[in-house]
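With chain A fixed as given, assemble chain B onto it according to the hints.
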Amino acid sequence: MAAITSVGETPMAAPAKRPVGMQGRRRRRLNLFRYVVFTVFGLFFLLPLLALARWSLEGAKLGSWSLTAWRQIASYSNEGIPPLISTVEITLELAVITSVVMLVLVVPTMIWIRLRVRWLARTMEFLCLLPLTIPAIVLVVGLGPIYNKIAHLSLSTLMLFWVYVILALPYAYRALAAGLNAIDATTLSEAARSLGASWFSVIVRVIMPNMWDAMLNALLLTSALVLGEFTIAFFLLYFNLQVELYSISRNTPNAGVIFSTSTASLLFAFVLLLILSFARRRRRGIPG
Amino acid sequence: MPFFGYVGLFLLLPTGIVVWDAFKNPTGHFTLSGLTALGNSQVRGFFIGSFKLSLVSALVGAVFGAILAYAVASGNPDGVIRRLYLAASGVLAQFGGVTLAFAFLALIGPAPTGLLFHASWYYSFPWGITVIYAYFQIPLMVLVFLPAIDGLKVQWREASDSLGSSAWQYWRYVGGPLLLPAFLGALLLLFANALSAFATIQAWEDQIPYTVAQQIYTSTSSEVGLANINYADALALGMVVLVAIVMTGYALLQRRAARWLR
Numbered sequence: 000m001a002a003i004t005s006v007g008e009t010p011m012a013a014p015a016k017r018p019v020g021m022q023g024r025r026r027r028r029l030n031l032f033r034y035v036v037f038t039v040f041g042l043f044f045l046l047p048l049l050a051l052a053r054w055s056l057e058g059a060k061l062g063s064w065s066l067t068a069w070r071q072i073a074s075y076s077n078e079g080i081p082p083l084i085s086t087v088e089i090t091l092e093l094a095v096i097t098s099v100v101m102l103v104l105v106v107p108t109m110i111w112i113r114l115r116v117r118w119l120a121r122t123m124e125f126l127c128l129l130p131l132t133i134p135a136i137v138l139v140v141g142l143g144p145i146y147n148k149i150a151h152l153s154l155s156t157l158m159l160f161w162v163y164v165i166l167a168l169p170y171a172y173r174a175l176a177a178g179l180n181a182i183d184a185t186t187l188s189e190a191a192r193s194l195g196a197s198w199f200s201v202i203v204r205v206i207m208p209n210m211w212d213a214m215l216n217a218l219l220l221t222s223a224l225v226l227g228e229f230t231i232a233f234f235l236l237y238f239n240l241q242v243e244l245y246s247i248s249r250n251t252p253n254a255g256v257i258f259s260t261s262t263a264s265l266l267f268a269f270v271l272l273l274i275l276s277f278a279r280r281r282r283r284g285i286p287g
Numbered sequence: 000m001p002f003f004g005y006v007g008l009f010l011l012l013p014t015g016i017v018v019w020d021a022f023k024n025p026t027g028h029f030t031l032s033g034l035t036a037l038g039n040s041q042v043r044g045f046f047i048g049s050f051k052l053s054l055v056s057a058l059v060g061a062v063f064g065a066i067l068a069y070a071v072a073s074g075n076p077d078g079v080i081r082r083l084y085l086a087a088s089g090v091l092a093q094f095g096g097v098t099l100a101f102a103f104l105a106l107i108g109p110a111p112t113g114l115l116f117h118a119s120w121y122y123s124f125p126w127g128i129t130v131i132y133a134y135f136q137i138p139l140m141v142l143v144f145l146p147a148i149d150g151l152k153v154q155w156r157e158a159s160d161s162l163g164s165s166a167w168q169y170w171r172y173v174g175g176p177l178l179l180p181a182f183l184g185a186l187l188l189l190f191a192n193a194l195s196a197f198a199t200i201q202a203w204e205d206q207i208p209y210t211v212a213q214q215i216y217t218s219t220s221s222e223v224g225l226a227n228i229n230y231a232d233a234l235a236l237g238m239v240v241l242v243a244i245v246m247t248g249y250a251l252l253q254r255r256a257a258r259w260l261r
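Those protein sequences? They're chains A and B, same order as listed. According to numbering that gives the first Met the number 0, the stretch in the first sequence is residues 0 to 287, in order. According to numbering that gives the first Met the number 0, the stretch in the second sequence is residues 0 to 261, in order.
Just chain A, same shape as in the assembly (with noise of 0.2 Å):
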């Protein structure tokens, strides 16, 4: 499929290189600045987190080793919460159901309007982009007596996907808005057509196809940004991960598992990016 694009399209060009053309001592002093720089930042980005790697390794004895607090993980329970690894559980379940309505809901609608009703493209626009400027925290407010009344049908902490959608849906936009400009859906959709697909065949099986690095994207910002989430959840009095982690920390300050925990949600989140990035070369290398 993505054959298709590449017909009468020239392969995009390398990007090209900044010091092109640059005298060797300029060259050679930005690249002494560059160092430096990364050193400072590294250092200072690093040394907190160094810290608490540090600390989710330390033992029973100050100073010692141990790796008790990463089996705690598995293990912990406190009264009053639900155990830890129940919230971890539920935690990558959101990530999951979050991800999958929000491609649900915003992919087709997004083609059905790039393809039929071009006028409503700023209204959605404006849609998507308006959480940045409704800040978590009003809308937890607001959202008070909506979720007294979906709480009434269930109490499951699964049911903050409903807001988390909304939460994600800026950075989903703009990630399948990019995917959706880099193909000339118009064209795909008329050839498609007039080869007898129906529409539901142009957006699922010619225009969706197109866009998988996009989905991607979308998908994996999505999932850092539930797994992330705390505001919402502690308003509304469910337990998510973060509000677990913050819970154990109140309860048993300086626990060792809220650090061990808190390593292992970085290093995930921080795995999930790096992957966000090397599709994004992959396609960079796809002509077209």
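Quick caveat, the hints were computed from the structure, so don't treat them as lab data. Careful: at least some of the hints might be erroneous.
Using C-beta positions, here's what the derived DEER-type ranges look like [to be verified]:
(1) B:152 x A:198: 53 to 59 Å
(2) B:47 x A:155: 39 to 45 Å
(3) A:121 x B:149: 24 to 30 Å
Here are some of the chain B residues that sit facing chain A, going by a computed Cβ distance under 8 Å [what the hints assert, rightly or not]:
(4) 70
(5) 80
(6) 89
(7) 208
(8) 212
(9) 232
(10) 239
(11) 244
Rough simulated footprint, nothing fancy, chain A against chain B, three-plus residues with beta-carbon under 8 Å [as the list claims (entries may be wrong)]:
(12) 14-20
(13) 188-198
Backbone N, C-alpha and C define an ideal beta-carbon position, used for all residues, glycine too.
Just chain B now, with coordinates in the frame of chain A:
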């Protein structure tokens, strides 16, 4: 379209409820007392606290973030350094929150004898908190400012070189003015971001409320027996107005920046 129904129910309706309820008292009658509460000195203190913290952390984040973004942008676009820094920025900018507060707890040492050093000034407001906020403001700046720096064409630098200008003149008359709208726009975005941040400060210091966000939480949680949802609505409305002003400025500057950013 299910999409519009969904957005209406979970985005527009809650916002509407906030605005609507800000004008009501707990018994459901219309009143402006919620809004007049915004004028009293204690509440003004929270808004000033939020404003100070957001301004300082946005300035710090924008300046240092711009330097880092320039260093990242001037390297190989497919290089390892760029990829690592972007992934790490994504994690820290969006993922920070509670985890970030724990990282700082670990840094200053959770045990009586700290791992590195025990510094109480971390708890001072707004400077100590700003250092912590810098950990998500600088990465956010890198993410939003990088496209602008990538948009600076090598040819512009070459043109100014061949006309005999110095590096200072290039930045003063060419690069600087080109980047300025994008920089100011990013600054406003960072300001709004700090204003709405809640998780980090709550996990770091939940005893003393400094910001509006914390105060909204205090007034909705019934634990303290002071729950007043309409008061929270009024505070939330104040925040919406503030953020709306800031983001309008951001949108205008963004449009200005987009003129040459292609």
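Each hint, compared with the structure:
1. B:152 x A:198: 53 to 59 Å: violated, 42 Å
2. B:47 x A:155: 39 to 45 Å: Since residue 47 of chain B and residue 155 of chain A have Cβ atoms about 40 Å apart, the given range 39 to 45 Å holds.
3. A:121 x B:149: 24 to 30 Å: For residue 149 of chain B against residue 121 of chain A, whose Cβ atoms are near 26 Å apart, the range 24 to 30 Å holds.
4. 70: With a closest approach of 4 Å, the residue 70 of chain B hint holds.
5. 80: OK, holds: residue 80 of chain B within 8 Å of chain A, min 7 Å.
6. 89: holds, 4 Å
7. 208: violated, 13 Å
8. 212: holds, 5 Å
9. 232: holds, 6 Å
10. 239: Holds - the Cβ of residue 239 of chain B comes within 8 Å of chain A, reaching about 6 Å at its closest.
11. 244: The hint is violated - residue 244 of chain B has no Cβ within 8 Å of chain A, the shortest such distance being about 10 Å.
12. 14-20: As far as the segment 14-20 of chain B goes, the hint holds, because 5 residues have Cβ atoms under 8 Å from chain A.
13. 188-198: Holds, because 5 residues of the segment 188-198 of chain B bring their Cβ atoms closer than 8 Å to Cβ atoms of chain A.
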